Amino acid sequence: MKDEVTRDERVANLKGMGCARKRVEDARFTQGKGNYIDDINLPGMLHGDFVRSPYAHARVKSINIDAAMALPGVVAVLTAKDLEPLSLHWMPTLAGDKQMVLADGKVLFQGQEVAFVVAKDRYIAADAVELVEVEYEELPVIVDPFKSLQSDVVLREDLEPGADGAHGPRKHPNHIFLWEVGDKSATEAVLDEADVVAEEMVYYHRTHPCPLEPCGSVASMDKVNGKLTLYGTFQAPHVVRTVASLLSGIEEHNIRVVSPDIGGGFGNKVGVYPGYVCSIVASIVTGVPVKWIEDRMDNLMSTAFARDYHMHGKISATKEGKITGLWCHTTADHGAFDACADPTKYPAGFMSICTGSYDIPVAYLGVDGVYTNKAPGGVAYRCSFRVTEAAYFIERMIEVLAIELNMDAAELRRINFIKKEQFPYNSALGWEYDSGDYHTAWDKALEAVDYKGLRAEQTERLEAFKRGETRKLMGIGLTFFTEIVGAGPVKNCDILGMGMFDSCEIRIHPTGSAIARLGTISQGQGHATTFAQILASEIGIPADSITIEEGDTDTAPYGLGTYGSRSTPVAGAATALAGRKIRAKAQMIAAYLLEVHDDDVEFDVDRFVVKGAPERFKTMKEIAYASYNQAIPGVEPGLEAVSYYDPPNMTYPFGAYICVMDVDVDTGTADIRQFYALDDCGTRINPMVIEGQVHGGLTEALAIAMGQEIAYDEMGNHKTSTLMDFFIPTAWETPHYTTDHTVTPSPHHPIGAKGVGESPNVGGVPAFSNAVHDAFRPFGLRQSHMPHDHWRIWKIANGLGLHD
Amino acid sequence: MTKHHVKMTVNGEDRDILVEPRELLIHTLRDQLDLKGPHVGCETSHCGACTVDLDGKSVKACTMFTVQAAGKDITTIEGLGNPDALHVLQESFREHHGLQCGYCTPGMITRAHRLLQENPNPTEEDVRFGLSGNLCRCTGYQNIVKSVLAAASELNAAKEAAQ
Ligand code: FES
Ligand code: FES
Chain D
1 MKDEVTRDER VANLKGMGCA RKRVEDARFT QGKGNYIDDI NLPGMLHGDF VRSPYAHARV
61 KSINIDAAMA LPGVVAVLTA KDLEPLSLHW MPTLAGDKQM VLADGKVLFQ GQEVAFVVAK
121 DRYIAADAVE LVEVEYEELP VIVDPFKSLQ SDVVLREDLE PGADGAHGPR KHPNHIFLWE
181 VGDKSATEAV LDEADVVAEE MVYYHRTHPC PLEPCGSVAS MDKVNGKLTL YGTFQAPHVV
241 RTVASLLSGI EEHNIRVVSP DIGGGFGNKV GVYPGYVCSI VASIVTGVPV KWIEDRMDNL
301 MSTAFARDYH MHGKISATKE GKITGLWCHT TADHGAFDAC ADPTKYPAGF MSICTGSYDI
361 PVAYLGVDGV YTNKAPGGVA YRCSFRVTEA AYFIERMIEV LAIELNMDAA ELRRINFIKK
421 EQFPYNSALG WEYDSGDYHT AWDKALEAVD YKGLRAEQTE RLEAFKRGET RKLMGIGLTF
481 FTEIVGAGPV KNCDILGMGM FDSCEIRIHP TGSAIARLGT ISQGQGHATT FAQILASEIG
541 IPADSITIEE GDTDTAPYGL GTYGSRSTPV AGAATALAGR KIRAKAQMIA AYLLEVHDDD
601 VEFDVDRFVV KGAPERFKTM KEIAYASYNQ AIPGVEPGLE AVSYYDPPNM TYPFGAYICV
661 MDVDVDTGTA DIRQFYALDD CGTRINPMVI EGQVHGGLTE ALAIAMGQEI AYDEMGNHKT
721 STLMDFFIPT AWETPHYTTD HTVTPSPHHP IGAKGVGESP NVGGVPAFSN AVHDAFRPFG
781 LRQSHMPHDH WRIWKIANGL GLHD
Chain U
1001 MTKHHVKMTV NGEDRDILVE PRELLIHTLR DQLDLKGPHV GCETSHCGAC TVDLDGKSVK
1061 ACTMFTVQAA GKDITTIEGL GNPDALHVLQ ESFREHHGLQ CGYCTPGMIT RAHRLLQENP
1121 NPTEEDVRFG LSGNLCRCTG YQNIVKSVLA AASELNAAKE AAQ
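If you read the protein sequences in the order shown, they are chains D and U.
Per the numbering used here, residue 1 is the first one in the first sequence, and the count goes up by one each step.
Per the numbering used here, residue 1001 is the first one in the second sequence, and the count goes up by one each step.
None of the hints are false.
For lysine to aspartate or glutamate, the following DMTMM-like pairs were computed, each having C-alpha atoms within a straight-line distance of at most 25 angstroms:
{"id": "1", "chain 1": "U", "residue 1": "Lys1003", "chain 2": "D", "residue 2": "Asp121"}
{"id": "2", "chain 1": "D", "residue 1": "Lys22", "chain 2": "U", "residue 2": "Asp1084"}
{"id": "3", "chain 1": "U", "residue 1": "Lys1146", "chain 2": "D", "residue 2": "Asp671"}
{"id": "4", "chain 1": "D", "residue 1": "Lys33", "chain 2": "U", "residue 2": "Glu1095"}
{"id": "5", "chain 1": "U", "residue 1": "Lys1057", "chain 2": "D", "residue 2": "Glu733"}
{"id": "6", "chain 1": "D", "residue 1": "Lys22", "chain 2": "U", "residue 2": "Glu1091"}
{"id": "7", "chain 1": "D", "residue 1": "Lys22", "chain 2": "U", "residue 2": "Glu1154"}
{"id": "8", "chain 1": "D", "residue 1": "Lys719", "chain 2": "U", "residue 2": "Glu1043"}
{"id": "9", "chain 1": "D", "residue 1": "Lys120", "chain 2": "U", "residue 2": "Asp1016"}
{"id": "10", "chain 1": "D", "residue 1": "Lys223", "chain 2": "D", "residue 2": "Asp121"}
{"id": "11", "chain 1": "D", "residue 1": "Lys33", "chain 2": "U", "residue 2": "Glu1091"}
{"id": "12", "chain 1": "D", "residue 1": "Lys33", "chain 2": "U", "residue 2": "Glu1043"}
{"id": "13", "chain 1": "D", "residue 1": "Lys120", "chain 2": "U", "residue 2": "Asp1031"}
{"id": "14", "chain 1": "D", "residue 1": "Lys33", "chain 2": "U", "residue 2": "Asp1034"}
{"id": "15", "chain 1": "D", "residue 1": "Lys120", "chain 2": "U", "residue 2": "Glu1043"}
{"id": "16", "chain 1": "U", "residue 1": "Lys1146", "chain 2": "D", "residue 2": "Asp740"}
{"id": "17", "chain 1": "D", "residue 1": "Lys33", "chain 2": "U", "residue 2": "Asp1055"}
{"id": "18", "chain 1": "D", "residue 1": "Lys33", "chain 2": "U", "residue 2": "Asp1073"}
{"id": "19", "chain 1": "U", "residue 1": "Lys1003", "chain 2": "D", "residue 2": "Asp127"}
{"id": "20", "chain 1": "D", "residue 1": "Lys33", "chain 2": "U", "residue 2": "Asp1014"}
{"id": "21", "chain 1": "D", "residue 1": "Lys120", "chain 2": "U", "residue 2": "Glu1020"}
{"id": "22", "chain 1": "U", "residue 1": "Lys1003", "chain 2": "D", "residue 2": "Glu130"}
{"id": "23", "chain 1": "D", "residue 1": "Lys322", "chain 2": "D", "residue 2": "Asp443"}
{"id": "24", "chain 1": "D", "residue 1": "Lys33", "chain 2": "U", "residue 2": "Asp1031"}
{"id": "25", "chain 1": "D", "residue 1": "Lys33", "chain 2": "U", "residue 2": "Asp1084"}
{"id": "26", "chain 1": "D", "residue 1": "Lys22", "chain 2": "U", "residue 2": "Glu1095"}
{"id": "27", "chain 1": "U", "residue 1": "Lys1146", "chain 2": "D", "residue 2": "Glu733"}
{"id": "28", "chain 1": "D", "residue 1": "Lys472", "chain 2": "U", "residue 2": "Glu1125"}
{"id": "29", "chain 1": "D", "residue 1": "Lys33", "chain 2": "U", "residue 2": "Asp1016"}
{"id": "30", "chain 1": "D", "residue 1": "Lys22", "chain 2": "U", "residue 2": "Glu1124"}
{"id": "31", "chain 1": "D", "residue 1": "Lys33", "chain 2": "D", "residue 2": "Asp552"}
{"id": "32", "chain 1": "U", "residue 1": "Lys1007", "chain 2": "D", "residue 2": "Asp121"}
{"id": "33", "chain 1": "D", "residue 1": "Lys120", "chain 2": "U", "residue 2": "Asp1034"}
Per the computed footprint, the stretches of chain D lying under chain U, defined by three or more beta-carbons under 8 angstroms from a beta-carbon of chain U, are:
{"id": "34", "stretch": "208 to 218"}
{"id": "35", "stretch": "514 to 527"}
{"id": "36", "stretch": "719 to 729"}
Think of the hints as simulated: they come from the structure by calculation, not from any bench.
All values reported here derive from a predicted model rather than from experimental measurement.
Virtual Cβ for every residue (Gly too), placed ideally from N, Cα, C.
Only chain U is shown next, with the shape it has when bound in the complex (with noise of 0.2 angstroms):
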């Protein structure tokens, strides 16, 4: 099957990459550029293990093609935070124990972590409708939603104190 170039930035840095326009988005990521943080449970759009930020929308991306991102600009995982500097979702989500065996947790956060963007004061129910892509088989989101709760009000303090 012919190849076609792709280019598109990869937690801030531009990648050019040759993919079968079949390939899906996922595959890319975690195959190409091993980035394994996003997982596949599905393949369906169920799940949202894969979940990504794709210019600033959360996107599954077991259920897109890697060539319908060309030019796009994606967050994974391993883009919001680092060993030196977690972000304060990742922190969050230790603190409360918002995490069991960690497999739709990349997806959870990275998801979370849209979401405090679109709403930065979101109510437990609209973390709970706004993370409802999301599955997790593991904690029974009490503590996912603690601890996204958690972060957006420290983001918040941390914004007040900045101004």
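Just chain D, same shape as in the assembly (with noise of 0.2 angstroms):
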């Protein structure tokens, strides 16, 4: 057969790794017509609310629900006592600890969920939620983790005050645990002994998610069939039926759980929050569908607050620069209940990896995990479990330390680096790198922005100022950052017990197209788009002639879902594996056909050809068909494939990100008028995804370095709970973004992908913070946290005596 069409047509009409496909997704949501929680509307559908605690801390004393349940419309009113019957008052966290699904006796953070009115429509249900009458009893309120240790209040009333927590003992009725990694004396006794050590309190403010969309369920309890479909915004859909089987008793197989579009997660998404569990309950009770819908209050008082980290440093260096030794310990404000979103062996997420991108020898971490009132969370937000705490904590040290030696910190980072022949590298606090290659990136980063010119510029502003010309001054962020994604290996890494692997399954259809499941879920990161790019560059099907479905348990296989960037390290490894798959069946469909021996075929971009005869093959369309209509010697009817993967380690991407920003030192603006993201997240699937995360992530971490907080006073009142208190940076507030990119495939995943969605974050949000710091640097000014809105900045100068 003559092949009219060239080779490098062949590949582009794949559309596959590599190419900037225009994502499938778009057609829909640009008309409007995307299919998000609140779009779903079932017959006869109840809608609830929740009456919220108006106290950070106050014992229940009565709830009395009569007037709301007269108010016409009204069907019902549930309560802890309601819910008590069922054991369902109370449900597991995914951190080991348990939360109170409606208030038992007692409200431990300010919004926290005392009733579920359930009513005919949200108008109604808002209007009942002002008709209960709860009776409070004020509680004195903690804030402060610190207090919290040396208080004698004691929060969690329901715990046994000296019995163990799920990680261990816990030294007093506040505290959850402590968790240590590393060689702590040995640590020390570096310190001790070292020419410089640099120490200092690092806190990571508590920020949140805060997707455009809120979350939201709508729960519908079939009882003919004794069936339960429960939709939802879910970053984990597979993990939520399993925990809504073990907590209703309904067994799995009778439970469907759709995550429809999800408006943005950034790990929001992922917990299990009283709303699911009330609009489950409501519709067993009610025996119709029952819809649940968070407004932005409800979404920033209580569901998934991320961080609230105070991580004290000291780093020791020799008088050259080298790095001897990293000791941390982090106080971590959980809130009232520990609910946070990590693997189960790691309570603090995978903090150990704040030894960065450095080679430093020996490293001690221990966090202690603390109850206070506030709201339960500590979600990764658009990281992967602490890596953002960790990233900014070791960048912030690197600040601190070339401070303490006088030293250009872009060098000292040079000094310090890994490099790139000591790969795969055992970190101190026990990781694996797989691959990199920092000194490369840094160097095209450090010449991409002109460093030493900007240094330059820097030092004759400064000058500039003295001489009274000018009010600003020039700040010049540096970071360079090592992310571990892709959690993660079985053998250590879990959620409630399910390892986290992920998984592929794809039927290729009689006319050779296909469809493949996978167990993840898409949040805007355009899945449908690039998990067919993998498959079509593995099975030489066009990315356009396949769907990609997620979301739905009854026809996905089980997955962990979306969060960690673990996508593309996982699911996309079990995609191109499952594709390996079907293309070793179709290569032995393939010699059937043209009657030679399967070894004497091998795969050439959409096709099999034979072996040193390439006008004879048989086209991937070609060989679907037959599956499904030849009678093949002992091969099965049909090409079909899944595959579950579990990464033999985790990944690590990494990146070099500069932030050049002018700071006023009158009006405290800091005006960020250059931004450079290299990024190295292996093998590139799609450049056009990959430069849209950067963008996203980027501005997230923009905004919790410059003004985005959750914060509370000091009765525990929420005081950022509207996006008119709650910063979310404007397209006019956002800068402009070069990215960058060096590759560097990671060696043990099938396709040498790394993931990238929250590098921007855990990168950025150190980049704009040192800036800031550097302005200040020659004014002695060594940690200020975060945000630095611009009156913050406007107090750093101030407290520096440049207002005198």
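Put the two chains together into one complex; each comes in its own frame, and the hints tell you how they fit.
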């Protein structure tokens, strides 16, 4: 057969890995035809809404629902008493703790769920919420984790005071765990002997993922068939199904969990929330579907905060700047319940990646988890389980050490980087970094921004400032980060006992198109586009002929979902390997059709060709058809495959970010005039999507570093519960970003990809923050806590005497 | 609560709907008229996910009562284009990767559409300022701005060609 199409054209036609394929999701989203949770309306559906606690700590003396129940249109008001017979008034958290679904005798944070009103529409439900009378007796409030560990006030009266928690002994009734890694005494010995030690308290403030779409669910109990369908904003639908089964006693095959389109997740939608549970119970009680949608205030006050780590660090070095040891003790404010979404064995997530990109011979990390009267959570807000805390910590410590050594911070980084030939590198805190080439990336970044030129300009500016010619200082924020993503190997990573593998199932249709289903769920990452590209390259069927489906537990294979940049490292690998199974079978079919031995054909783009005779071939389309219509000896009909991938290791993306800003000492404003981001995420699947992820992650980093925070007053009142107070940058405040890359594939990943979605947040926060610090370095600033809003920057300037 | 008849034009069609005086326009559009394009992200006028076009102005439908929209002419994302004839902005957002999760997109495009009516030749600054009532958590705006600028040139080129 003569082939009119060139090989290059065949490759282009696949739209496989490496090409900037346009997204298939966009057609529906640009036309307003997405299908998000609040778009789901089922016949007869009722609406639920919460009565929430106005107090941060109080006893609930009584709840009177009579007036609410008397309101026409109100169907039910659930309290803990109603849930107790079902053992659903409390639920397990992902961190091995438990959490009240509805207030059981007391409330522990402002905004806590007290009662669940179910009514005919959302307006009536909101009216009824006002009519529920709750009598409270106020209790002393603790918002400071350090005070919490000294206090006589016991927050969690449900816990046996002396008993161990999920992660070992507790040293105080308000203590959750102490988690230690590394060699404490060896590290302390090194610090004692060191030429130079820099010590600092680095606080990474409490914030919130705040996706544009808040959380919600629609539960529908079909009592005729005994089936529960649960739609919701779930980043891990299969885990939700398993939890729902364990909690409700409904057998797992009778539960179908569906994640429809999700309007951004960023970690907010990993956890299991009282709203989900209450919508399920309400549907079981009423026999009709029940919808629960949180509003923005509910979202910011009750579901899934992030960070709130007080990191006390010490870093030692020789006079020449070679780092000799790192010590960190973190006090982690977990709020009222430990509802962190971390793999079970890692109560502080992967905070132990805090040695960063540096070859540090000895290190120690201890993390104390503490209860306070704040909302539960501690989710990985666009990062892989506390990696952003770790990166912020080490990148601040490096800067402080540079000050201590009176050294250039870029040079200090360079002389301490793990060298290319040291990979795979075993870090002092127990990780095996898979691959990296930090020096090349760093040099490329410094050259791209003309680092020397910038420093010269900065010096000139400083002189001009001192001469009174300008009121603007220049800050150069450097960051080199290493992430740890793709959780993770089943031997040490699980969520509620479920190993953190992921999966892909592929069916090739007779006419040569395909559907693949995965255990992950896109929240804007564009999986339907990029996973089809992986498959196209692996199986030679055009990406445009492959449907990717996720999020329906009745059809998708079991997977642990999408967070911690795990989709590409784990499900992407499963996809490639399932594709290879397809290819292996296709090879047998091709050989049969071409009447040669299996080993005599080889895969080429979209076909199998006879080795040495490329004019003799069978396309994947022909092979697909043959698999359904030919009786091939020894080969089952059909062309399907499934793969469950247990990653042998995490992946370690890295990057170099440089931020340049002009800081006005009188107004406290920071004008970001340049931001350069170099990312190395291994093999690049779709450069357009990668760039989009980087832009988005950097903007979330900008928000966190420069203004966004969840703040409480001394009474535990939530001070930032609307978008008026909780900073989200607009297009106006957001700078233009320059993106760049190097490519260091992961050696253990089937296609060498490492994941990228969270890198810009992990690296971006220290880059912005270091720029602010750098601007004031000549005046003696060592550490000032984020967020660096105008007021706080002004205060730095004021404190340094720059207004005198 | 007594309900009121409200007449308005939505995406070119005359509608007569019965609403409580407190019903918000966003809920009427989404729940009564089944126009699910406009979304709710905050209900406090901050995010712009609910943006619609009302008598030639961008309006946040979450902070307007439906009764206030009586007699008005409303366009939602559903009225801007259809699968057979997409609006230039709809094409352009796809082409330039101006969206990720898509939740802000209908409001963003509806706002951008009005912006380009107000200012057919915007600079990057104009676009950034003109879209500052619409939040996006995913894209960092860079590709949104790019999409809008590209759509502006395309619309202008088409206009020129027509003359
Ligand atoms: S929902 Fe209307 S502005 Fe946010
Ligand atoms: S694309 Fe997700 S909020 Fe804009």
